[in-house]
Amino acid sequence: MHNRGPKPDGDVSRQIVLRTARLILTPLTQVDEAEHARASGRRADAVRDTRAGEVQWREHGPWAIRDLCGEGFVGSAELRFAGDRIEGIDPDEVEAGWWVVEERRNQGIATEAMCVAIGDLWGRTDADRVTAYISEGQNEASRRVAAKLGFGARGPGRGRSGEPMTVYELRRDVWHHPKARANRLGRGRRLRARVGAEQHARATAATTAYKLGLFRGCASRRDRPMAKRWNP
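All residue numbers for the sequence shown refer to my numbering, where the first residue is 751 and numbers rise by one.
FYI, nobody ran anything at the bench for these hints, they're computed from the structure.
For clarity, every value in this text was computed on a predicted model and none was experimentally measured.
Mixed in with the good hints there might be a few duds.
[To be verified] Pairwise CB distance ranges, derived in the manner of DEER restraints:
hint: 1; residue 1: Asp840; residue 2: Glu886; range: 19 to 25 Å
hint: 2; residue 1: Glu804; residue 2: Gln857; range: 38 to 44 Å
hint: 3; residue 1: Asp876; residue 2: Gly822; range: 32 to 38 Å
Positions of the beta carbon are idealized from the N, C-alpha and C atoms, including for glycine.
Please build the complete structure, drawing on both the sequences and the hints.
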């Protein structure tokens, strides 16, 4: 068994909030069902994921990903026991998965969210590895995320519906290797610099728009014909 359960710290699902440069992660529960359904466009999946999350969080579970800038629910970062029916992954191994709304893909959100979620998993549990499976075919984006997180291919397998896929695993010792830590720190610094630059650009644009508005307002008042003075 690769995970002996959480370290005793009470009801973790009520205690933990994870933050990154751009995101906030909270345990996925039934409270998130409506937002999940709107974001994913899959009502049945939202019901299943949020209700299962309530049970999974007795150990560790899926995270709701939200944008710190107030743009709402943008995806899910999942960490749970794999259970049965996955060929190539034992039922008691921790399985990782992720998805991001279409309009926010290719922005590094899945990598950013999973990085902090996996770091939390190492800190709260005795898990020595995390697994993932990625279907064959057009799924290059998920393979890039797995590679950035440090997952390596374990071998072929089959998903719950019998579909062919590749099993990946990330070991705790690989995650904590100095080179891997340096790579994560480097990505974090670049991300914070980019976020800072974007925030500065937005602030500059807002200030410019405000000043232009004032200028145009003054110009319109200056160009307005003077009202005739009334003399009794």
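We went through each hint and held it up to the structure:
Between aspartate 840 and glutamate 886, the C-beta spacing of about 21 Å keeps the proposed range 19 to 25 Å intact. Glutamate 804 and glutamine 857 have their C-beta atoms about 29 Å apart, which leaves the hinted 38 to 44 Å range violated. Distance hint for aspartate 876 and glycine 822: a CB-CB separation of about 35 Å, consistent with the stated range 32 to 38 Å.
Against the hints set out earlier in the document, a violation occurs for number 2 only.
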